[in-house]
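Trainee: Here is how the chains run, residue by residue.
2 protein chains.
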Amino acid sequence: MSNLDQIAKLAGFSKATVSRVLNQSPHVSHETRTKILKIMQELDYVPNRNAISLSKGQTLQIGIITSTINEIVLAFLDSFVEVAGQYEFQTIIYTSGEDKKKELQAFEDLKRKRVDALVIISCVNDTDFLSTYCKYGPIVSWQRMEHTDIRSVAMDQYEGYMLALKHLIQKGYTRISNAFGRPSSINTHSRQRAYEQIMSEHNLPVLQHWNHSSIYNIRDGEQVVRDLLQRREEFPEAILCANDYVAVGILCEARRQRLNVPEDLAIVGFDNTELAHTMGITTIQNPIMAQAQNAFFMLSPQLIGRQMELHSLEYCLIERTTT
Amino acid sequence: MSNLDQIAKLAGFSKATVSRVLNQSPHVSHETRTKILKIMQELDYVPNRNAISLSKGQTLQIGIITSTINEIVLAFLDSFVEVAGQYEFQTIIYTSGEDKKKELQAFEDLKRKRVDALVIISCVNDTDFLSTYCKYGPIVSWQRMEHTDIRSVAMDQYEGYMLALKHLIQKGYTRISNAFGRPSSINTHSRQRAYEQIMSEHNLPVLQHWNHSSIYNIRDGEQVVRDLLQRREEFPEAILCANDYVAVGILCEARRQRLNVPEDLAIVGFDNTELAHTMGITTIQNPIMAQAQNAFFMLSPQLIGRQMELHSLEYCLIERTTT
DNA sequence: TTGAAAGCGTTACCAA
DNA sequence: TTGGTAACGCTTTCAA
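Protein sequence lines, in the order shown, are assigned to chains A and B.
Residue numbering for the first sequence follows my numbering, beginning at 1 and increasing consecutively.
Residue numbering for the second sequence follows my numbering, beginning at 1 and increasing consecutively.
Accuracy of the hints is not assured; some may be wrong.
Since copy identity is lost for identical chains, a pair holds within one copy or between any two.
[Unchecked claim] When the alpha-carbon atoms are kept at most 30 Å apart in a straight line, the in silico DSSO-like pairs for lysine-lysine are as follows: (1) LYS35 with LYS15; (2) LYS100 with LYS9; (3) LYS9 with LYS35; (4) LYS38 with LYS9; (5) LYS111 with LYS135; (6) LYS166 with LYS35; (7) LYS35 with LYS100.
If you're looking for bench data, these hints aren't it; they were derived computationally from the structure.
Because the structure is a prediction, the values reported are computed rather than measured.
Could you build the full structure based on these sequences and the hints that come with them?
Mentor: What follows is the structure, given as structure tokens:
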């Protein structure tokens, strides 16, 4: 493998000049440049990334942290990789599996300059603690955060959930249940707030066993239906789901149990993923791609010294066949 | 940010000794070690990754190349990140979007020592050309490859497809159609070979318009059903799919078109993903996780100087409700 | 057990 | 427009 020194010697110039050619400096004569470029080509030379990173103090790598990669995360991840790539940044995945120690490695990697910035999709460490890492580089979060200086790119789900609730009530459903995600998350709190508010406003019944938590995926959704069926006489008319995948699970299991959707049970998903479209599930359109792009845009002032305009975000309801 | 030099000076030792502490060298007195460790702690010191990578000539990063991240890729990616992480390796995603130039960047990054190794999930460049990069580091592929020294971790899909075909024939289906993936891929050729062989062996009909190519996802699957319905009188009894997602699309669209599954149309997926289970789709179990682990194991001799035993791979058929 | 010094391969500042 | 040289922060070899 050839290096700058060899190129310089062969060309009869100094390393400095070769470096200038590499960095498209205007202060190189045309002649010199062509000569050096020719030699680089002959030697099949490419600069060593580690040396550049060390010297510049910048790696052009961004870490992205998630407890696990599922289809919801995928939509965000995919969009983020795409937009970061447009600005020459690469993306490194850190999956924690909910392990605090493992998750912390990503933050340590910011400190040790392996990555220039960090994007949190989900995290389990204390956010106040995590925000002490902000001094090592910019950090943004998809997951909503409180009491920290880590900015979040997500929207308050209160609005979106409200949309779904109003839709159900307007359609005449009154016995409304929920399949929430992480119990302690801000999203879940927002959703609960919306639910409680509207149910009491309209004087609608709320049964304890209608509200499930820690429901994340298809299998969890299937289980919810089986749980609800335990008390058939108190069966809800509609269910709001943590995400579309939960809705898929509920829909499939409901069919398996000979329930008619939406007559026996109406279902509303969340996110408007491809699958919700395919299976005809009414859902809330969550602009994930726009949020992923915003995540990069929020990092960009510190990364590339450029302020980018953020996409404006808005929920909307997509009515399909499950309500 | 503190560095080795500062630690050394404060501790009253040389950089070499501090470095030895960092690398758990046995040639440091207990006293010295504790003293140095204490100072590191006080200064909140962590070594700079770029400096280490430059000095050692190793980055502990592995690049993984795919044209796009979809759910099938996800299963592989997720498992690979997991196993690589166990050996302290991080994973960098390169999505090419089928763009040869963009894809090549990953290989250039191997050359410029940004990554220590490469895993190809799918690629569009000429494989003979790509294999010239093998001299810069180990490369393995999930996608099957021919005529190169890039080893593949995938199985010949002939076997798996045969399993599905025999199952259908045994169940009495005779008008069998296909939804293939990338037309030029080795997988597709294997599948076609299996199909042609068994159909001629059993003297079964093969209609031109039964065989679709470039069918990759749910939407493509939906379209296949609409296409087939164009000629209702020549409608097949069964369809084999490129993957489970295609099968999902076909199943959903079939229902929408009031076709009964499996009476009017039997469906067989491929891969046995979570979704196939949920929707009760008969499919071929493809040990993706084992293949992802094998991918790392095949790199490991050159990466960590250790030969690992590969998982043995085997297909099997999972019968559910769509056949 | 410790230290001095030469790498690793760039960039960037100051002169010329 | 060019060159010399000091960073960048660590590892590793050779001596002591």
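Trainee: Against each hint, give a clear statement of whether it holds in the structure.
Mentor: Tested hints:
no. : hint               : verdict
1   : LYS35 with LYS15   : within (14 Å within a copy, 41 Å between copies)
2   : LYS100 with LYS9   : neither (51 Å within a copy, 34 Å between copies)
3   : LYS9 with LYS35    : within (12 Å within a copy, 45 Å between copies)
4   : LYS38 with LYS9    : within (13 Å within a copy, 46 Å between copies)
5   : LYS111 with LYS135 : within (9 Å within a copy, 33 Å between copies)
6   : LYS166 with LYS35  : neither (71 Å within a copy, 65 Å between copies)
7   : LYS35 with LYS100  : between (53 Å within a copy, 28 Å between copies)
The earlier numbered hints that this structure contradicts are 2 and 6.
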